[in-house]
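> Listed here are the chains, written in short residue letters.
2 protein chains.
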Amino acid sequence: MTVLNPVIVPNPVVVLVRPQLGENIGKAARAMLNFGLTEMRLVTPRDGWPNPQAGPAASGADVVLEQARVFDSVADAVADCAHVYATTVRKRGVTKPVMTPEAAARAIHAGPERSAILFGPERSGLETDDVALARTILTVPINPEFGSLNLAQAVILVAYEWSKGRDLASPPLTDIDPPAPHEELEGMIGQLDTLLETTGFFFPPDRTPATKRTLRTLLTKPGWSSQEVRTLRGVLSALGGAKRPR
Amino acid sequence: MTVLNPVIVPNPVVVLVRPQLGENIGKAARAMLNFGLTEMRLVTPRDGWPNPQAGPAASGADVVLEQARVFDSVADAVADCAHVYATTVRKRGVTKPVMTPEAAARAIHAGPERSAILFGPERSGLETDDVALARTILTVPINPEFGSLNLAQAVILVAYEWSKGRDLASPPLTDIDPPAPHEELEGMIGQLDTLLETTGFFFPPDRTPATKRTLRTLLTKPGWSSQEVRTLRGVLSALGGAKRPR
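Residue numbers (the UniProt record's numbering), protein chains in the order written: chain Y, 1 to 246; chain R, 1 to 246.
These are computed hints drawn from the structure, not numbers from a lab. Mixed in with the good hints there might be a few duds.
Since the list gives no way to pick one copy over another, a pair counts as held whenever it fits inside one copy or between any two copies.
Stated by the list, open to error - With a cut-off of at most 30 Å between alpha-carbon atoms, the simulated DSBU-like pairs for lysine-lysine come out as follows: (1) K221 x K164; (2) K96 x K164; (3) K212 x K96; (4) K96 x K221; (5) K164 x K212.
Throw the hints in and build the complete structure from the sequences for me.
What follows is the structure in structure tokens.
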């Protein structure tokens with residue numbers, strides 16, 4: 001698909017609904033910022049706000065905490081968002097579409113309106129009334145025999161998936177050196193052949209072509225760089241040193 | 001290629017290299033089990049093993065901790081694994097292919113041999129020597145202005161990506177021979193090191209560790225099969241033959 005005028009989609013808002021521990025709010029902030037999310041909203045945090053436990057747990061993600069806004073209700077917190085996702089680990093009594101973090105990330109990037117992602121309190125998760133405000137349920141597919149995601153882990157998985165759709169999240173290119181020109185490899189293979197001939201390695205003679213072919217295949221496989229080929233030629237020279245007439 | 005009998009790929013092994021806090025080992029176990037990974041290996045955990053701090057932090061993932069095995073070296077811990085991934089956040093001095101968790105998960109599922117994923121100590125991450133043992137670097141693409149993933153978070157992202165492909169494990173694509181188990185490669189590298197020591201190749205002495213690392217990287221790159229490693233050991237024996245007392 002060609003996109004001529006890509007729409008700027010606002011980054012999604014992370015809404016922590018009735019979070020209990022300041023420490024977990026800090027960890028969620030850290031999880032967010034790792035993947036480029038900065039807008040946190042808090043709905044009636046149990047221990048008030050600001051919370052002195054949050055900062056140390058954020059490990060430097062203070063900008064997220066400083067800009068966090070507090071709301072009295074989930075409805076207020078998502079008032080400016082067109083798409084609301086409710087993160088739950090269990091099936092709820094509400095019938096709504098369920099998405100994985102991957103599918104939700106795609107939908108959020110499709111925009112163009114702002115999205116909010118709700119995360120419930122540490123102990124109990126979102127209430128049915130919270131979920132009712134969302135159009136979509138976001139569930140991380142998890143080991144059915146051991147589902148134990150904490151708040152910051154749920155946040156990090158969602159933020160991670162979202163970040164994949166951004167340019168900066170594209171896979172880092174490999175910085176390995178290109179393979180050496182073939183003649184350099186050939187020179188090394190020739191050096192090895194010569195060395196091995198002096199040791200009687202190629203025996204019996206009628207097997208020599210097949211053995212050489214095996215060695216060539218094996219040495220061609222790595223795609224060694226020029227530098228690597230030079231290093232190996234040094235190794236061969238060292239190993240062959242004993243063969244020189246003395 | 002049609003695959004009538006898809007190969008069962010063993011689940012990857014999570015190797016915690018010199019982990020510091022028992023609490024973080026427990027959290028890593030919890031992260032693993034959430035996404036169905038159960039095999040943890042520990043390389044010289046700082047505070048010994050078992051560690052009483054691990055259990056409470058595992059939040060019920062005791063089965064992972066109970067089955068965890070302790071090793072004296074990274075090489076021992078990955079001896080039975082054909083593919084080794086080193087998780088790093090920074091670029092290392094070693095030139096190797098870099099994969100995202102997503103790409104690594106696809107490669108691991110392609111199997112058919114067992115993979116190991118290395119995670120470094122909390123504070124410092126993997127050392128260059130640890131990375132040298134791996135064929136591939138695994139890096140989570142992260143906010144370039146705020147990269148602060150802790151151990152359990154790195155584990156959970158990798159485990160999460162792996163879990164996505166579990167049901168639809170893709171058929172093995174290639175029919176080249178699988179890479180040799182790591183211990184076979186290690187044996188060959190040891191043989192070469194010994195040979196080169198007798199030739200005075202490692203000079204000056206203060207460059208020896210770096211030179212050995214360069215050789216290791218270069219010999220780890222191809223992913224040679226067991227047969228290829230045997231052939232090369234024959235080559236080395238032939239080349240070393242002249243060194244034997246006559």
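> Indicate, hint by hint, whether the structure satisfies it.
Right, here's what the structure says about each hint:
When the C-alpha separation of K221 and K164 is checked against a cutoff of 30 Å, the pair qualifies both within a copy, at 27 Å, and between copies, at 28 Å. For the homomeric pair K96 and K164, the shortest alpha-carbon distances inside one copy (25 Å) and between copies (22 Å) are both at most 30 Å. In this assembly of identical chains, K212 and K96 lie within 30 Å of each other by CA distance both inside one copy and across copies; the values are 16 Å within and 28 Å between. For the homomeric pair K96 and K221, the shortest alpha-carbon distances inside one copy (8 Å) and between copies (15 Å) are both at most 30 Å.
For the homomeric pair K164 and K212, neither the shortest alpha-carbon distance inside one copy (38 Å) nor that between copies (37 Å) is at most 30 Å.
Violated hints amount to a single one, hint 5; each of the other numbered hints is respected by the structure.
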